[in-house]
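Let the hints inform the model, and build the full structure from the sequences given.
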Amino acid sequence: MTQWIGFAVEGLVAVLLLLTIAYCVALNSKLRRLKADEHALKATIAELITATEIAERAIAGLKVTVRECDQNIGDRLRTAERFAADIQRQIEAGTVVLDRLARIVAASRPAPEPAAEAPAPVPPAPSPAALAPAPDSKAVLAAAQAFAERARARAKGLAA
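Note that the UniProt record's numbering numbers the sequence shown so that position 153 is 153, with each residue one more than the last.
Hints may contain errors.
To be verified - Computed beta-carbon distance windows for the label pairs:
#1 59 / 84: 54 to 62 Å
#2 60 / 81: 28 to 36 Å
#3 110 / 84: 27 to 35 Å
#4 104 / 64: 55 to 63 Å
#5 20 / 54: 48 to 56 Å
To be clear, the hints were calculated from the coordinates, so they are not data collected in a lab.
Where is the CB? At the ideal position from N, CA and C, for every residue including glycine.
Now the structure itself:
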């Protein structure tokens, strides 16, 4: 009987050994896949590091560009403020000159005469244009067309 127990124990050990070998083979294949994944993961990490460095350089470049734009806009704003102040001073000076001219014109006008001594109205003298003969309608039309063509040419010149 002890022989049978020995065979059973040895058989059980052999079966367990076979199961252990099969389990080791399965673990080995899983380890190989993990190592392959590890290499892929390392490659991905290296790519991410490279992309991060590129992004950091791009961000630094954008910061420099923003600083330059900010400085440029600030300079232009200061220039515009100076121009606005100059224009405001010129407008104020123009207003003063206009007021002076208005006072001069008002002072140079004769005082209105009293209404009691109103003389009879004198008919206005005919203007030289009224005395001139009526122009030829074809000549007027040609002159108007020439004027319109010149105006169009000037408008095209301004648009270009």
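Hints and how they fare:
no., hint, result
1, 59 / 84: 54 to 62 Å, "36 Å, violated"
2, 60 / 81: 28 to 36 Å, "32 Å, holds"
3, 110 / 84: 27 to 35 Å, "43 Å, violated"
4, 104 / 64: 55 to 63 Å, "60 Å, holds"
5, 20 / 54: 48 to 56 Å, "50 Å, holds"
Comparing the model with each numbered hint stated earlier shows that hints 1 and 3 do not hold.
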